[in-house]
Amino acid sequence: MNPCRGVGARRALVCASLVLAVVGAGVAGLAPGSASAAEPPSAPQLTEPETAPSPSAAELEALQAELQRGAFSDVIDRLELWSDQGMLDATLSFDRGVAYLGRAESPAKRATDLGQAVAGFEEALALDPADDEAQLALGRIREVLSERRGKDTAGVVARPRLLRALTGLVGENVWAGLAVFGSLLVSLGLAARLFLRSLEVRLGGSIAAVSGLFFLAVGGGLALAGHHLRQHFVPAVVIVDEARLLDAEGRPVSAGARGPSSLGAAADRVPEGSLVHIAETRGGLVRIEWGDGEAWLNAAQLRRVGGRGGV
Amino acid sequence: MRAWLPSLWVPLVFALVLWCWPRSALAQADLELQLSARELAVGDRLTVQLDAMSEDGDAPTDPELVVPNSFEVQGPSIGTRQQVSITGFRMVRQSGISASWLLTPTRPGVYSIGPATVQAGGQRRQAQAVQIRVLPEGQRPQRQQQRRGRRGPGFNPFDPFGNDDSFDDLFDRLRAGASPGFDRLPAAPGDLVPPQPLDDIAFVEAHLDLQRAVVGQQVTLSIYAHGSQGLFQEAAGAREPSHPDFLAQRLVEDGSHQPVYQYTRDGQRWIAVKVREIALFPLRAGRLSIGPLEFGFLGRRYGGRGAEGLRRQTQTLTVDVSEPPAMGRPAGYAGDVGDFELSAVVEPRHIPAGGSIAVTARVQGTGRLPGALKLPEQAGVEWLEPTLHDDVAITGTTLGGSRSFNYVVRLTRAGVVDLGNLSLLLFSPKTGRYRIVLAPLGEVTVDAPPPSAAPAGGPAAPAAGPRLSELVKFRTQLRGLEPPSHWVDHSVFFWLLGVGPLLVLMTAGLGQLQRRVRRRLERRERSQATHAARALGEARQALARAELPGAVSAAERAIYLALEWATGLRARAFLRSELAHRLSGAGLAPALANEAAELLGRCGELRLGGNPESSTASDLLRRVEVLVKRLLREPPRRSHADAAEEVRA
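Chains A and B, in that order, are what the protein sequence lines are.
Sequential numbering of the first sequence, starting at 71, is according to the numbering used here.
Sequential numbering of the second sequence, starting at 1470, is according to the numbering used here.
Check before you lean on any hint, since a few could be wrong.
The calculated SDA-like cross-link candidates involving lysine to any residue, where the alpha carbons are at most 25 Å apart (straight line), are [stated by the list, open to error]:
1. B:LYS1942 x A:ARG267
2. B:LYS1942 x A:SER176
3. B:LYS1942 x A:THR182
4. B:LYS1942 x A:GLU150
5. B:LYS1899 x B:GLY1834
6. A:LYS179 x A:GLU131
7. A:LYS179 x B:SER1892
8. B:LYS1942 x A:ALA132
9. B:LYS1942 x A:ALA261
10. A:LYS179 x A:LEU215
11. A:LYS179 x B:LEU1853
Calculated directly from the structure, the hints in this document are not laboratory data.
Remember, predicted model here, so these are calculated numbers, not experimental data.
Extracted from the complex, chain A is given alone in its bound form:
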C-alpha cells in the first residue's frame, strides 16, 4: 500500500469539510425560512389588503375605452384601487404606467405623473423582466425627464454600489446556477481524486475540485448577496421633480456634506423617475441607497415598486 495515499485523503477531507461548512452555514443561517433569516426592515405594507377578484377582460376594455375618451384620472383611480387591494399583475402595472403617461401629456397633467408612469413600468418590468415594451417606455420617459431637467443635471447617472452592480450583471438565478455547477465540479473532482488510481486523472480531479470551489464560492456568494439585497431593500421610484436628500433628522444635506460623489453638484437631490432602494423607514422619512451613497428622503416623494423585495 502507498503510505502517501492516506495523507492525500486527509487533505481532501479537509477541503471537503470546508465546502460543507460553507454550505452548512448557508443552510443554517441564510436560507429563507430559517429562524435567523432577517425580515426586511421596512417591507411595505398595503393597508388592509382585501382579497378582490382579478379584473375581467371586459373591465379592462371598459377602462381602455375611458382612456381613449380622455378620462385619464378615472382610469388611474380604478387601477390604483386595484393596486391598493393587493392585485399584482404585470398588465395592471403596465396599464397604470400607460394611464399616467397619457395624463402627463394631456391638459389634465399633474406634477407627479411622469414619475408615477416610471413606477408603473418599473413594476411591470419587475414582474415580467422580458417585457420589452415596458423597457422601451422606461428608457424614453427617462430621456424626456433628463431633457426637461436641463443641462446642469442632464448627465447625472447614479452608479450603483459594486455589490449591486455585480449581482445585477446577470440574474440572481444565474449566479445560483454557477454555484450549483461549482458544487458539481467539486463533487466530480473529489471523486476522481479519491477513487481513481491514475495519477493524471487524480491530478485533473484536484484541479476540478479547486475550480469548483471557486465557482461555488463566487456563485453562491453573489446569489446570497442578491438575496440579501432583495430581502432588505425595497425598490422605489422618485415621483416628484426633485427629491431633496436629507439627514436622519430631516435636514437637507448639501452635496459637499455627502462627501465625494460621482454625481458632483447634483448629489444633494434625486431627480424624478430615478430608481432608489429603500433600506429603512422611520416615520415620514426613508433611508435610501442611491448611487454609491445613502441618505434620507421624504417618503411621500417616493412610490414603492411592487413585485420586488417581497412587496
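For this one, chain A is given, so just place chain B on it according to the hints.
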C-alpha cells in the same frame, strides 16, 4: 361810482388772492397720533396709530414714525379712510390714511415716540411726539391695569366681576363670605370637574372628544385651566402642545373670551376656564400622541408676579387612528372625511370652439374642507387649476364651512358636450360608510370655428413628433405571471450545493473505514495468540481422538506461539538450557519462564519417548492450557518479522 369801486375791489381782490393761492398751502392735513399705552414693561407690545386726514381729495401718503433705538418696530400697516361731515350748510369730505406700528421695547426708560409724519399736499406734515415710560421686564404698569378695568363693557373672564385689579383679594373676600361674586359664576359642567384635583393650587387638564378616529376625522382637544387661588392670567411663554401627526385648526386661542366656571371640591373653591381648543385632523394611522401644554398661572397667589408664573402642564394624550375601511372604498378616494354637500353652476352654456366656460362648485358641510374635487375629464375639455374661496365656520367645536372651487374650462371640440358630474368622495364617520356626492354639470353647446380660422394654428396644428403615450398601448389581458422565482429563496438550493460533495466524501470515508476494519481483521487473523489458541484446540481434538503424539506436538506448538506473542522471541531458536534465561531477559516473569521451559521439555520428552499414556498427556495438556492462557494475558510484543511486514503494509 368811484366811491363804490374801492369798497368792491378789496373783497374781490382778497377772494382772487385766496383763489389763486396754491392749493397745497390750503390743504391742512389733520394728524392724530394715538398710543395704546403710556406705560408698559419691557417685552410688552405697544400699538402706535397715526390718523392723517385731508380735505383736498388727495389722501396723505408715506407715513413715517421716529422711534428710539430701544424698540423693535413692526409696520406700518396702512389703511385708507373716508369721512364726510356736515357742519351747518357745509359738507366736508375728508380722505386719509390710518397707519399702525407695533413697537416692542427692549430696555426700560422714558422715551419719546414720534414725531410721526406724512406726505400731504407736497409737504411733510408732522404730529407731535409722545412720551412713554418703559418699566423693567415683569413689572406691571399700574395705569395700564386701571385702563383695562375702564376700557368698556366687554366681559373679561379673568376679571369677571369688573374689578380694576385682577390681582385683588377676590378670594379673600370670597372666603370671608363678603362677596357674592364667586357664586355668580356659572357652575362647572359635571365632566369638567375632575374626581380629584391634580394639584392643590392650580392645574391644567386636557380632554379629547374621541379616543379612536380615522385618518382625516376631527378630534377636538380641549384644555382647561383650574385655579384655587383666585383669579389668574396666562403668563407669556406658554409651550403649546406638539402634534406633528395632525393638521390643526385652533378654535380657542386663549381664555380671554371664554366663560369662567366655578366648582367646589373637598371644601375648596376652584375656578376653571377653557384656555385652548384645537381641532386636530390625523394625518396617518397609528397610535398618535399629542404633547403637553405648559401653561403659566399668573396671579398674586400663584407664585408671585414673575413673568413665568406658576408653571403647570397637561398630560400627554394618545389617539388610536386607523385608515378608513378598505371595504367599499370608491376608486379615487382621496382621504376626505366629513359630511358635505356639493353644488355646481355652469355658465355660459353656449360658446365657440376654443372658448371657455366657468364652473363654480361649492362644497358645504362639516369636517376638514376637501382640497379637490374629482373632475369629469374627457378629450376636448381642459380643466384649468381652480381658484378657491373658503368660508370656514365653527359650529360648537365642529369645524366646517364652505369652499368654492372656481374652474375655467376650455372646450376645444365642437358639438354638444356633456360635461358629466363633478364628484366628491367622502367617508362619513357617523355612518361608517363612504359617500359619493355628485353635482351634474349638464351640457354645453360648442360651435364649430369658422372655416377660415381652422388652419390658423388651432388645435389641429401638427405636433412635433409622436407622443410618448403613443408608444405604449393599454393592455386588456391579464398575464397572470407569477413573480420571478429565485433559487436562493428555497432552502433546497443550499442542500443541492452540499449534497454532491457530501456524497463523495461519505463514500470515501466509508471506503476508508472498510479498509481499516479489514486490515485489523487480517492482522488479528495472523496474530500468534490466534494461532496459539488454535493449536490448543487441535491438541484437545487430538487427545479426544487418542492421538497422543499429535496432541503433545500441538500443545508444544501452542506454547511456542504463546511465548512469541508474549515476548516477541521465537523460542525454537534457543537451546532448552538457556530458554528460561532468555525468556526472563525478554521480560517474562521468571516463574512463568521456568514453567514454560519445563513444559516444553516435558513435551519433548513425551514426543520423543514413544507412545505416552493418556493420563499423562491429559495432565500435560491441562498445564499447557493454563500456561498459554497466562502467556496470552501478557501484552503482545511484536516480533521483528511482524514489524517488517507492518512497514510493508
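Results for each hint:
As the CA atoms of LYS1942 (chain B) and ARG267 (chain A) are separated by approximately 66 Å, the hinted pair breaks the 25 Å bound. Of the supplied pair hints, the one linking LYS1942 (chain B) and SER176 (chain A) holds, its CA atoms being roughly 16 Å apart against a limit of 25 Å. Simply put, LYS1942 (chain B) and THR182 (chain A) have alpha-carbon atoms about 21 Å apart, close enough for the 25 Å limit, and the pair holds. Annotation: proposed proximity of LYS1942 (chain B) to GLU150 (chain A) holds, straight-line Cα distance about 18 Å (limit 25 Å).
Taken as a hint, the LYS1899 (chain B) and GLY1834 (chain B) pair is honoured in the structure, with Cα atoms around 13 Å apart against an allowance of 25 Å. Of the supplied pair hints, the one linking LYS179 (chain A) and GLU131 (chain A) holds, its CA atoms being roughly 23 Å apart against a limit of 25 Å. A threshold of 25 Å between alpha carbons decides the hint, and for LYS179 (chain A) with SER1892 (chain B) the separation of about 19 Å falls inside it, so the pair holds. For the proposed pair LYS1942 (chain B) and ALA132 (chain A), the alpha carbon gap of about 14 Å is at most 25 Å, so the pair holds.
For a cut-off of 25 Å, the pair hint linking LYS1942 (chain B) to ALA261 (chain A) is broken: about 57 Å separates their Cα positions. With a C-alpha separation of about 15 Å, the suggested pairing of LYS179 (chain A) with LEU215 (chain A) holds against the 25 Å cut-off. About 10 Å separates the Cα atoms of LYS179 (chain A) and LEU1853 (chain B), which keeps this hinted pair within 25 Å; it holds.
Hints 1, 9 from the list above are not met by this structure, while the remaining hints are.
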